[in-house]
Amino acid sequence: MSRKPRFIITTGGLGPTFDDKTLEGVALGLNLRLEENEEALRMIREKYERYYAEGRINSCEMTPHRVKMGRLPEGAKPLPNPVGTAPGVLLEHENIKMIMLPGVPEEMKSIFDESVAPMIREASGNLTFYEASLDVRNLPESELAPMLDVVMHDNPYVYIKSHPKRSEGTSHLELHFSTTSDDSKVARKRIERAILQLSEMIKKKGGAITPVKD
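Residues 42 to 255 in the numbering used here are what the sequence shown lists, from first letter to last.
These are calculated hints, taken from the structure and not from any lab test.
Some hints here could point you the wrong way.
In silico DMTMM-like cross-links for lysine to aspartate or glutamate, where the CA-CA straight-line distance does not exceed 20 Å [claimed, not checked]:
| no. | residue 1 | residue 2 |
| --- | --- | --- |
| 1 | Lys118 | Glu77 |
| 2 | Lys202 | Glu215 |
| 3 | Lys118 | Glu155 |
| 4 | Lys138 | Glu163 |
| 5 | Lys138 | Glu80 |
| 6 | Lys45 | Glu163 |
| 7 | Lys202 | Asp176 |
| 8 | Lys109 | Asp61 |
| 9 | Lys45 | Glu182 |
| 10 | Lys245 | Asp195 |
| 11 | Lys206 | Glu184 |
| 12 | Lys202 | Glu182 |
| 13 | Lys244 | Glu215 |
| 14 | Lys109 | Glu76 |
| 15 | Lys206 | Asp195 |
| 16 | Lys245 | Glu215 |
| 17 | Lys246 | Glu163 |
| 18 | Lys254 | Asp176 |
| 19 | Lys109 | Glu80 |
| 20 | Lys118 | Glu80 |
| 21 | Lys62 | Glu115 |
| 22 | Lys138 | Glu65 |
| 23 | Lys254 | Glu233 |
| 24 | Lys118 | Glu76 |
| 25 | Lys118 | Glu182 |
| 26 | Lys150 | Glu163 |
All chains, please: the whole structure from these sequences, using the hints.
Set out below in structure tokens:
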């Protein structure tokens, strides 16, 4: 959250069992109370009543385990689950939209398509995503890591992810640089500046750099 993203999306941990603790963890991390959300409970109740009417379950009673799925961090909103029981959850905190989705792939995709994708499209507007990649050899990841910290500190709008690779019996690293901006030229310059800075640091350590083409 320190990077101030527009969205944080998690999957899994929204169900009725004791080890489904995503909402509890989010509430604890943000110092919020978990509370029974009437809208979430209505969604869950209606889904179980439908299952009971269809003969798919023996009881539609709102047991403690079923109620558990409707206990959300205070201020959160439930997102309808078209194919399952546990609703997704939207929580806005410090201008960040935190979205918790079920781990079942069909349920996750359904909620994402129906509720989450429209939010992202609306927030994105004319936003441009720009990325580039480098292949780094002759330098272990442990030596590269502090360089990445420096470059990301100096270029706060650029995210860099390293991926260890192995080909032809040789280990190397693939670095992915990414950023977003309303201006495509600004986005490209951000990436170019970060790549130049990191490249110079890597060369001083004896590393070899090759751009990765899509």
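Structure-based check of all given hints:
no. : hint              : verdict
1   : Lys118 <-> Glu77  : 11 Å, holds
2   : Lys202 <-> Glu215 : 8 Å, holds
3   : Lys118 <-> Glu155 : 15 Å, holds
4   : Lys138 <-> Glu163 : 13 Å, holds
5   : Lys138 <-> Glu80  : 19 Å, holds
6   : Lys45 <-> Glu163  : 18 Å, holds
7   : Lys202 <-> Asp176 : 12 Å, holds
8   : Lys109 <-> Asp61  : 9 Å, holds
9   : Lys45 <-> Glu182  : 26 Å, violated
10  : Lys245 <-> Asp195 : 18 Å, holds
11  : Lys206 <-> Glu184 : 16 Å, holds
12  : Lys202 <-> Glu182 : 11 Å, holds
13  : Lys244 <-> Glu215 : 15 Å, holds
14  : Lys109 <-> Glu76  : 10 Å, holds
15  : Lys206 <-> Asp195 : 26 Å, violated
16  : Lys245 <-> Glu215 : 18 Å, holds
17  : Lys246 <-> Glu163 : 44 Å, violated
18  : Lys254 <-> Asp176 : 10 Å, holds
19  : Lys109 <-> Glu80  : 13 Å, holds
20  : Lys118 <-> Glu80  : 8 Å, holds
21  : Lys62 <-> Glu115  : 16 Å, holds
22  : Lys138 <-> Glu65  : 17 Å, holds
23  : Lys254 <-> Glu233 : 15 Å, holds
24  : Lys118 <-> Glu76  : 11 Å, holds
25  : Lys118 <-> Glu182 : 41 Å, violated
26  : Lys150 <-> Glu163 : 19 Å, holds
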